[in-house]
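Colleague: Here are the chains, one letter per residue:
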Amino acid sequence: MSSERIVGIDLGTTNSLVAFMQGKNPVVIPGDDGLNLVPSVVALDEHEQILVGNSARKYLIETPERSVFSIKRLMGRGMEDIQEELKLFPFRLADDLHSGEVLRIKLGQKAFTPPEISAFILRQLKRNAERFFNAPVTKAVITVPAYFNDAQRQATKDAGRIAGIEVLRLVNEPTAASLAYGLDKKQNGIVAVYDLGGGTFDISILKLHDGIFEVISTNGDTHLGGDDIDNVLIRIALDDIRGDMGLDLSRNGEAVARIRKAVIETKIALSSQTTAHLDVELPEGKRYQREISRAQFEQLIQPIIDRTLAPCKQALKDAGLKPEQIDEVVLVGGSTRIPKVRALVESLFERTPHTGLNPDEVVALGAAVQATILAGGSEATENMLLLDVTPLSLGIEVAGGVTDKIILRNSTIPASATQHYTTQIDGQANVAIHVLQGERELAKDCRSLARFDLKGIPPMTAGMPRIEVKFLIDANGILHVSAREQRSGKAAEIEVQPSYGLTDEQVESMILDSFDYAEEDFRQRQVIEARNEAATILAALEKGRQSPAWGQLTSAEKKQIAKLENGLVQVRSEDDYAAIRKAIDTLNQATMRLAELMMDSAVSTALTGKTMDEADLGEGPSAPHPVAKAEFK
Amino acid sequence: MVVLANGESTCWSCGQMRATHFCTSCGRVQPPAPADHFAFFGLPRKLNVDVARLERDFYELSRRLHPDLYGTAAAREQEWSLEQTSKLNDAYRTLKDPIARTRYLLRLQGVEFEEQSKAATEKARSTGQLKQQVVPPDLLEDVFELNLQLEELRTQKKMGEDDPALLEEVGKQKLSLETRQDTLLDELKGYWNEWDSTVEGDAVGRVRVRDKMVDLLNRRNYIRNLVRDVNEVLGN
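Those protein sequence lines, which keep their order, are chains A and B.
Quick note: the first sequence, position 412, residue 410 per my numbering, numbers continuous.
Quick note: the second sequence, position 154, residue 1118 per my numbering, numbers continuous.
FYI, nobody ran anything at the bench for these hints, they're computed from the structure.
For every residue, glycine included, the Cβ atom is placed at its ideal position computed from N, Cα and C.
Fair warning: there could be bad hints in the mix.
Stated by the list, open to error - Think about it this way: if two alpha-carbon atoms lie no more than 20 Å apart in a straight line, the pair counts; the simulated EDC-like pairs of lysine to aspartate or glutamate are:
#1 Lys468/A / Glu1043/B
#2 Lys1153/B / Glu1142/B
#3 Lys155/A / Glu1043/B
#4 Lys315/A / Glu1043/B
#5 Lys556/A / Glu594/A
#6 Lys315/A / Asp1193/B
#7 Lys1060/B / Glu212/A
#8 Lys556/A / Glu572/A
#9 Lys403/A / Asp1061/B
#10 Lys315/A / Asp1146/B
Said to hold, decoys possible - Computed footprint of chain B on chain A, listed as stretches where at least three residues anywhere in the stretch have a Cβ under 8 Å from a Cβ of chain B:
#11 21 to 29
#12 72 to 83
#13 365 to 377
Given these sequences and hints, build the entire structure.
Modeller: What follows is the structure, encoded as structure tokens:
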């Protein structure tokens, strides 16, 4: 039985977190800097080493061309989707990008896809968890915005694989938050979760029923969040600077990064103060200073936060509910700290929103709850079950460029639909299916998800073959397609061309590439494993001392063992796994005879009714965490 | 506890008890058996459904079949759980909604709603226009008038003008269409008892009720699309 811990990860636009269930409560695992939040910033330092989080942050200003933030905005997106983002964010696209190719972002002279950059962040979180548990962590639940489409979800899953994490489930962020909230008070009722984060907005309406968290409707905007507020403030500052000083800094990466940092601080200050002072050092010893009042700030951000209204209204409508039928409103995401956002939610739902849990952490905490449920559950999660929905309708393109919807938005997942296809001409061997996601009538207005090519249809007269195609959206919100030619009963071959995203081969090769950056992981893992092995042998030795076999050793043998034991205890606390292994091996050698003597006595006690397990170590609560042997030697 | 009559067999895991979606003895998920949405819930093919009970059964079955409960199970059990739960969700979604349920049952009876839409699609392709539906004759006059008004509103919108009187008029029309939708649903429900009590053998009786329901569904569908068009123009 594996008792490996499954962690919950919130892979956020601005910050990322990893959490786990400690007994009855989910807790966030801090990084080695002691902080819970890992900024979703990745930088390549002067030694070509990847840095993540707080240590990467200073590079945003010092070497903006070697750092990246808000990569989540680019997950699962194509070149034509991101033209707006490129105007607002300092993303540096690789020069040799072809259309239809997965984006690549430059860090210095290197280029990485968004899933690879996200994988760097995930790897950091994985490391933090491994350090915390002193054991490998390879399985996780990762959260995604509820309104993420198939490509964005797939990209997140790919990021997990590249980071060496088996993603057991993608959970929608607002739903995860509701799990964290629902943990302590298992009540029934209708809850709305308003989640305005760094780059995404979600609204989900749930029905809570004896531990079942049933999402009734969801809506949102995957490109709306605190980033957009920052961009408005940056634009104003740049305009001011151009007007007052005649300086155009819009192409000066370092200056823009400094302004960004300053406006974020101002924005945060204005949540608790009525005025804030914006002060930025500019090139050539100049300085930009300005007072901003909360009233001015609120006026500036009004158009942005108003964009959350339509999704909320649509979600209510889809749920068939009026605002007064909502029992509770929960706020999630850092941007809900802005008083104006709270006021907006309050007036929309006609009640004071709930803010009991830290809006930055609640999603990760909920992911940890879901991780425990997937691992088989605990007393705290007993009876808890999440029933989520697909945020967007799934359709196929039919004649005339029209979308034929086969799974409607807000359908509980897993959900499926079956379609039948035939051929148009005699002997036709292939049928092409274009799958779309979205609500619009025309295929061109929906998002292309993939093109499926049914191949190897047995030659028949036109209209004779009957190909049954099954579309299944799994519990992660990701589509699977399978096909069967019903007359021959053969599973039809499907060739998938994802419209946006990586092929399996590409992900595999990225996993290999990532080993270049996994040097540190590898070392860490070796140390952890060696330490665990050391703990095992030391515990076994302690047992040995209590056993009758100990008395059969010579005093020279006992002395030698004690010396080597001391040596192992010494090196165990150091980071040199080779030294730990060596100390283990010599101690092993020296205790060989003790082990044999113990074995003999164990066999004889077994005859008198005791088992080997009892005679030997056993897997009691004090036994070290079982760790798989190192794969690499 | 839901007891289901379909797909009885022995459990792959404990091999003894009779099994349906899950084993009644050891509780493990079973490979899905072919079943229509009614059979999945162990219900007769009838239009009157106790929706409160359906919901209870849905939750109960979710608690036994959902993939989250098989997170650590063998791959094939995970696969079965995924398939069973998607069937459960599809069945629940269809049966809880009065319109979807009626359409589904009629389709099981051989009514091909898709054929109509396929024909419309063919026409759309040959003419290069969007799909259009046949207008129920008694609605013809109202619809003609409403479409003119909608066209006018669209033009005004483009020019940046607005005509409060016309907006109000269209708003009123929308309300009356919505009332009509509700009335049609009530009328449809009126035929449920008749259908459910008509015996299988009474082919003539069934065809009569069936055709009435098909007609009501088509009219309601038409009005629903009209309301959607109005909403699009009114911007809500």
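Colleague: Against this structure, judge whether each hint is valid.
Modeller: Here is what the structure says about each hint:
1. Lys468/A / Glu1043/B: 14 Å, holds
2. Lys1153/B / Glu1142/B: The hint holds at about 17 Å.
3. Lys155/A / Glu1043/B: 19 Å, holds
4. Lys315/A / Glu1043/B: The hint is violated at about 34 Å.
5. Lys556/A / Glu594/A: 15 Å, holds
6. Lys315/A / Asp1193/B: 16 Å, holds
7. Lys1060/B / Glu212/A: Between Lys1060/B and Glu212/A the Cα gap is close to 15 Å, so the pair holds against 20 Å.
8. Lys556/A / Glu572/A: Roughly 25 Å between the alpha carbons, so the hint for Lys556/A and Glu572/A is violated.
9. Lys403/A / Asp1061/B: Judged against 20 Å, a Cα distance of about 18 Å means the pair holds.
10. Lys315/A / Asp1146/B: At roughly 17 Å apart (the allowed maximum being 20 Å), Asp1146/B and Lys315/A satisfy the hint.
11. 21 to 29: It is violated: at least three residues are needed, and the region 21 to 29 of chain A offers just 0 whose Cβ sits closer than 8 Å to chain B.
12. 72 to 83: With 0 residues close enough to chain B, the hint is violated.
13. 365 to 377: It holds, with 5 qualifying residues against the three required.
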